[in-house]
Amino acid sequence: MRGLTRRLTSLAAACVMTTTMTTALFTAPALALEQIKMSIFQSNFCCFPVYVAKHLKLFEKHGVDVELVYGTGIQPANIFVSGSADSGAFAVEHGVTVSSKGQDLKLIVLEQKLPPLSLIVHNDVPTPNADKPYPQNLIDLKGLKIGISGRGASTDTATRFMLKQAGLDPDKDVTIMPVGDPGTMLASLKNRVIDAAMAVEPTQTAAVQSLKFAKTMADIEGGGGPSVFHPYAYNGVFVHSAFLKDHADTARGIVAAIVEACAVINDPARMSDLMDVAANYMKGSDPAVVKAYLEKYRSNYGAIATRQGIDNVSAMLVAAKTIEKAVPYEQLVATDFMPPEAGAPTR
Amino acid sequence: MSAPAKIRLSNIGIIFRPRDRGAVEAVRGVSLDVPDGSIVTIVGPSGCGKSTLLNIVSGLLQPSAGFAEVNGAKVNGIRHDVGYMFARDGMMPWRTAAENVEFGLEVRGVANRRAVAREWLRRVGLDKFEDHYRHELSQGMRQRVAVARTFAIEPDILLMDEPFGALDSQTRLLLQALFLSVWERNKRTVLFVTHDLHEAIFLSDIVVVFTNRPGRVKSIIPVELSRPRPPPAELAIATEFRDIYARIWSDLKDEVREFE
Amino acid sequence: MADSEAAQAEIPMPSAAADDTLRQRVLLARVAVIGTFLAVWQGAVSFGLIDSFWVSSPVLVSKELWQEILSGDLIRNVGITVFEALIAFFISSALGIAAGLMLARSPFWDEVLAPLVLALNSLPRVALAPLIILWFGIGIVAKVVTAFTLVFFILLVNTLGGAKNVDTDILTIAQLMGASRRDILWKVTLPSALPWIFAGLNIGLTYALLGVIVAEILASNQGIGYVISSGAANFNTAAVFAGLVTLAVVAWLFSAVMRKVEARLLRWKPAVNSA
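Chains as they are written, first to last, in our numbering: chain A, 1 to 347; chain B, 348 to 607; chain C, 608 to 882.
Hints were generated in silico from the structure; no laboratory data involved. It cannot be assumed that every hint is accurate.
Straight line, CA to CA, 30 Å or less: simulated DSS-like cross-link-like pairs of lysine-lysine [as the list claims (entries may be wrong)]:
1. 172(A) with 670(C)
2. 475(B) with 867(C)
3. 57(A) with 283(A)
Quick list of the computed label-pair ranges, beta carbon to beta carbon [claimed, not checked]:
4. 325(A) with 862(C): 51 to 59 Å
5. 319(A) with 646(C): 33 to 41 Å
6. 748(C) with 325(A): 52 to 60 Å
Note that the Cβ used here is the ideal one computed from N, Cα and C, for glycine as well.
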């Protein structure tokens with residue numbers, strides 16, 4: 001009889017505890033954060049503001065709990081489009097392509113304005129036309145192997161666009177080779193598997209500044225290269241329209257977090273925080289290279305997508321024959337959420 | 348006998364040692380002489396080691412005791428002057444009848460082998476089927492191809508292991524007669540193994556009765572019937588035939604254990 | 608001397624006219640099935656049941672294919688993929704068959720290597736593709752190597768099986784007839800193993816194509832795999848389907864040729880051919 005009593009008591013206690021905890025969970029909305037998934041590139045500088053926001057808990061500060069879902073190449077866009085993630089941090093070019101095909105998505109905030117790209121060649125490649133202005137100096141690429149990150153990626157589109165401007169046929173006058181992530185690209189260029197590369201940071205800073213085995217041919221992130229990139233909208237956060245309706249507060253929270261993250265990046269005084277973020281999210285990159293890159297190009301990070309920038313993205317894609325006609329700003333951007341342009345066009 | 352036997356078995360013993368069972372003595376102390384140009388048939392109950400003896404003579408198997416001699420020389424290693432036939436036809440399905448008969452000649456590099464093959468197929472009545480494949484021939488026809496193939500290489504000796512056993516009784520009689528008529532041309536030495544007593548008497552000069560396992564020679568019975576032999580149906584009712592049959596059977600029946 | 612039994616094999620064939628009717632009906636049914644499928648596909652898109660963004664449509668895919676044919680891209684890409692697949696197929700098959708025959712001749716090495724072969728065969732070698740690309744770059748070598756890892760083992764295993772299953776009667780007779788080891792290999796083992804080898808070749812051809820396509824999708828700038836992955840990367844579903852359609856046609860052509868060759872070389876087999 002005593003055993004039974006004891007057992008019944010424990011059972012009762014368990015029931016009480018469970019009820020209490022469950023009630024606590026449901027009656028503490030102030031403490032609960034909206035949890036959403038965001039697809040994103042791994043160890044890529046284009047999404048650095050998201051890494052900053054995550055690491056410095058800026059998302060939580062603005063009431064959002066973001067779970068990152070990693071992918072490479074076209075995957076972050078695919079993961080988002082297929083509905084496996086509520087939001088996606090990926091190339092605006094991909095967003096425009098999807099939008100042009102009638103699919104619903106909205107850009108709520110930008111991360112990076114300018115592509116962190118630079119067309120570089122190995123030092124041993126003869127460049128007799130080096131002093132000519134862009135695009136004539138690209139003639140020296142004829143017959144060479146040019147590395148890109150992956151097919152359809154912005155490196156691919158940009159390379160083909162620039163080659164055409166120089167009068168070269170991307171399919172016949174050069175060999176465009178996908179080589180993958182920045183680490184592989186660096187190694188491939190160093191070992192002359194490729195002669196040149198549309199480098200994505202930190203590849204070019206490492207190759208040209210640190211290891212000094214390559215020279216720059218067109219420095220897009222530095223303001224060079226084709227005019228279509230100035231201004232531009234490179235990488236941003238997308239959500240579906242339905243999400244904006246049902247989770248407007250969360251969307252605003254994301255925007256606010258990214259705006260704040262960009263401010264941190266733009267602030268020279270916060271370098272040590274940024275190095276901390278890099279150590280956690282840019283695994284495998286040399287801290288010296290990271291520091292050098294951020295010092296030089298911190299102003300390329302920004303949260304505002306300008307009209308001209310979006311139009312230029314469309315222009316690039318139309319030239320690449322990826323889309324047939326330009327996507328209007330209002331179609332792509334969630335104008336109620338995107339931080340407003342401040343008067344003069346930003347660079 | 349003045350000349351030495353064409354095939355001599357001298358005190359052959361064979362013991363098999365299968366992997367997960369005890370040793371089996373198949374044959375014990377078998378001595379036998381096969382005179383040149385004769386057909387000698389071994390009859391005996393199932394499992395008495397008759398087929399194994401043929402393998403010894405051909406060199407496919409080594410005896411555990413004793414030895415075999417052909418033309419006075421010991422058998423060691425697979426012989427290439429042997430014609431071998433068994434119940435399964437052994438036709439290569441990817442070759443036509445003619446190509447099957449040609450095989451032995453091909454391997455010896457005989458120049459006009461196609462003509463030789465054709466001739467042999469004609470002798471066994473298959474001249475219209477030389478381009479047929481195995482699956483296009485009946486069992487009887489396949490055995491005829493086997494006969495042609497066996498004789499085409501002009502072997503020194505023939506070893507036959509119940510070659511007509513898989514055929515229906517009518518076809519069997521026809522094949523027996525065919526075999527004998529082909530054999531008559533060169534009268535090669537044949538060591539034959541069979542269950543069928545009629546067949547044994549019809550074909551042979553000597554019938555050897557074997558005991559049960561381990562097989563030993565029980566009796567050697569000469570078949571003094573004139574050659575060429577009359578057709579089997581006729582022969583079967585001849586009195587000499589019935590006498591020989593009775594003699595063989597009286598020796599054999601003790602060895603055959605029914606419903607063991 | 609006539610045999611009392613009739614010769615086998617003359618199975619009563621349908622008359623020529625009945626045969627033609629059957630063939631016509633089969634053809635009609637095929638056209639009907641494909642036509643229905645295309646109609647449903649197009650209908651679903653045209654009536655808005657599903658967005659062409661996800662599944663494209665027969666009309667869009669045809670347009671895309673036509674454009675690629677006009678620009679010469681289709682011929683070029685198909686040519687490259689077919690070329691790579693065939694090279695990979697022939698090299699891998701030849702080596703696989705040779706290896707199978709060698710192992711069949713040496714029971715010792717067969718026993719030694721059997722578990723290794725089994726382990727390697729069970730490994731999904733497609734997973735090696737990224738590594739292969741790292742080693743060999745994105746040229747034709749990487750494609751051939753990827754396909755090789757698939758096809759070689761298929762042919763090895765099949766040849767080995769066939770070579771080990773030669774009818775012992777035939778082997779015995781061949782030996783007694785005086786066939787040398789070379790004779791036995793070329794005149795007995797190989798023809799006997801041919802049905803097995805052909806089974807392997809059939810699968811091998813498919814896998815050669817598969818290996819090449821996988822390598823092309825991962826890293827290439829030409830070929831049908833490139834068309835498919837490039838289309839996917841640009842959210843161009845029509846291009847993806849165009850690539851798939853092209854691939855299906857190529858694969859079908861391959862197997863049609865294979866069947867003709869097999870019918871010729873294995874005409875001695877008693878099995879009945881299907882239409």
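Verification of the hints:
1. 172(A) with 670(C): holds, 24 Å
2. 475(B) with 867(C): Cα-Cα ~28 Å, so holds.
3. 57(A) with 283(A): OK: residue 57(A) and residue 283(A) at ~19 Å, within 30 Å.
4. 325(A) with 862(C): 51 to 59 Å: Hint violated: Cβ distance 43 Å, outside 51 to 59 Å.
5. 319(A) with 646(C): 33 to 41 Å: For residue 319(A) and residue 646(C) the Cβ distance comes to about 37 Å; the hint holds.
6. 748(C) with 325(A): 52 to 60 Å: violated, 42 Å
Hints 4 and 6, counting from the list given before, are not met by this structure.
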